[in-house]
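These protein sequence lines are chains A and B, in that order.
Position 132, counted from 1, in the first sequence is what my numbering calls 330; the numbers after and before it change by one each time, with no gaps.
Position 83, counted from 1, in the second sequence is what my numbering calls 1146; the numbers after and before it change by one each time, with no gaps.
It cannot be assumed that every hint is accurate.
[Unchecked claim] Below 20 angstroms or equal to it, Euclidean Cα-Cα: the simulated PhoX-like pairs (lysine-lysine) are: (1) A:575 - B:1221; (2) B:1221 - A:216; (3) A:263 - A:445; (4) A:216 - B:1223; (5) A:450 - A:418; (6) A:451 - A:438.
No lab work stands behind these hints, which were simulated from the structure alone.
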Amino acid sequence: MKRRTPLAWSNLTYERRKLVTAIAGVAFAVLLMFMFRGFENALYDSQIQLLTRLNGDIVMVNRIKYTMFVPEQFARRRLYQAQAFDGVDAAYALYIRDGAAWKNPQTKKVRALRVLAFNPSEPVLPLPGILANREKLTMPWTALMDEKARTEVGQVAAGTVSELGERQIEIVGTFSLGTDFASINGNLVMSDQNFIRYFGQVGPDEQSRSLGTVDIGLLKLAPGANAEELVQVLSDRLPKDVSVYTKEDFVKKELDYWRNNTSIGFVFSLLTTMSFIVGIILVYQILYTDVSDHWAEYATLKAIGYNNVYLLTIVLQQALILAVLGFIPGYLIALVLYDLTTNATGLLMQMTLWRGVNLLIATFMMCLISGLIAVRKVQATDPAEVFS
Amino acid sequence: MIHHSTAPSFEFNDIGLADDQYAVRIRNLSHHFGTGDLKTQVLYDINLDLKRGQIVILTGPSGSGKTTLISLIGALRSAQSGSLKVLGKELVGLNKAQLVEVRRNIGFIFQAHNLFDSLTASQNVEMAVELLEDWGEKRAKAAEILAKVGLASRVHYKPKALSGGQKQRVAIARALVNEPALILADEPTAALDKKSGREVVTLMQKLAKEQGRTILIVTHDNSILDVADRIINLVDGRLESDQSLETFVNTHDPKSLDRRMFIM
Ligand SMILES: Nc1ncnc2c1ncn2[C@@H]1O[C@H](COP(=O)(O)OP(=O)(O)OP(=O)(O)O)[C@@H](O)[C@H]1O
Ligand SMILES: [Mg+2]
């Protein structure tokens, strides 16, 4: 059996304290990358979490509503028109009010919530908490509260009574959604009838709403219908004051908006890159120190007939061992911190397999680059110098 | 005594001896360090033959070029001019990769033991066996040679748990395990006390004689001269003298020689 003396492993693990420091260094760099990537993804993921949960194959919005931030509605009759097309099974209307004034029942401080409203008999936003409380929503002056709303909103449970827009409101249940940039504090869900009760007649500075205009229209496809084709047909045949998208495209458009029009991507890519570089420097230090400490021994190996390729593999093996040993604790700590961050901020910090694999590859790259820089030192060793 | 003016050549008269009876044949070897204005010559027109099976000690003042010469013979440096045949192979003009190949047939012993602290005595020796891709028997070979250098009970000790002399003996085991025909040692006893130094050299002598190896030892340590068949003196980059042990002792000031060697 071909079993080489495990020189890379032996040298790396010989001094326990050095090994622990080395692993901690790599783990720290890995953790930093996970956190920055995690924040970046969370900001993107949060922006689309409502959209991905809406129950529709095709989305219809006002032509100028290029992001969820734009509070423009379209005429509800467009939705009826769309429903008449072949292949459309159902059409639902979603009404949205950004910045509704909610009074914290404990502190009495006013916080802005986003109100999502629809006909409770339709499965517009089929979340467990909403489905379970459809009956209760039909009662006047009621709503459901987002469990992931920020703590500033107050302690809210079924039965809590407070105020929305200076009018009494009773919370009849809760659901779980989460915050985003348009709903920094959280969401309320109510029936379309209650939406009119609260926002049908408001002060002169605000826009009064009716059920004649819709914020987001959702179309369900009949079995066998093709979403892309239907989007094409609807776009051609409906008046040009609305835009029609497949749900997938609509979500992607929203993501693109955040990617292209904010510095989120740039800032977090920069931070991630910096962590990557810090990692390279740390690992380089570790490998370089090992090479320097064993300089005479490596030179001796060269003297007795080992070539540079062998020494290269030793250093690269050490780099890869460090990558694996550092990645594991970095990953585990990141999982814990993701959880803590999600609970503290309501931001959606998600670890997916793909994201984990991605950063594992980045960690390997990080260590390999360090290894390649450090190995130049070994290659430069002159075997003749062991004799002097 | 031969002087600087004439370049001495040694054992040229053995014309009858075929090439393969020499471990080393050197003709008109010179060596320079540096380039341009800084170029300095450290070896001048060396002619030297080492017969197989000989134990040769190379002495001389500090800076005379001993290490340079032995590192050229050991293919650790590129030989520049003249001819340098080691184990039948001409080294002048070889590239780095070819030099590495040559080195695999030579056993090296250095002043420092240069053992990996993280590896056991056996593993340090096995590293040399692995060069021959000899995977199956490396354990057995290492254990055998370590037993020969008197470390049978220390096979799985790491260097930190060994004395200086024991560490140097592991280094010797590493140099000898592949049974090289030529062994080069530069000040192998310099880091050891007199007694362990003596033991190490006697051990080298014993193993070499048993197996017919050629050994070239560079040393300042007069107490070990008695193991040599020949003593070569290098002064200012030139071969000064080449003598048997007795002649060397007689022609040198006895005061500079270690008295103890006469007792032994
Ligand atoms: N790499 C080098 N570059 C330039 N000059 C060198 C180099 N190595 C040795 N020299 C010079 O070559 C000369 C011979 O050096 P060398 O090391 O061979 O002497 P030595 O006989 O081994 O001495 P010592 O007994 O002190 O070990 C010295 O003058 C030294 O300064
Ligand atoms: Mg020297």
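Numbers of unmet hints, in rising order: Per hint list: single violation, 1.
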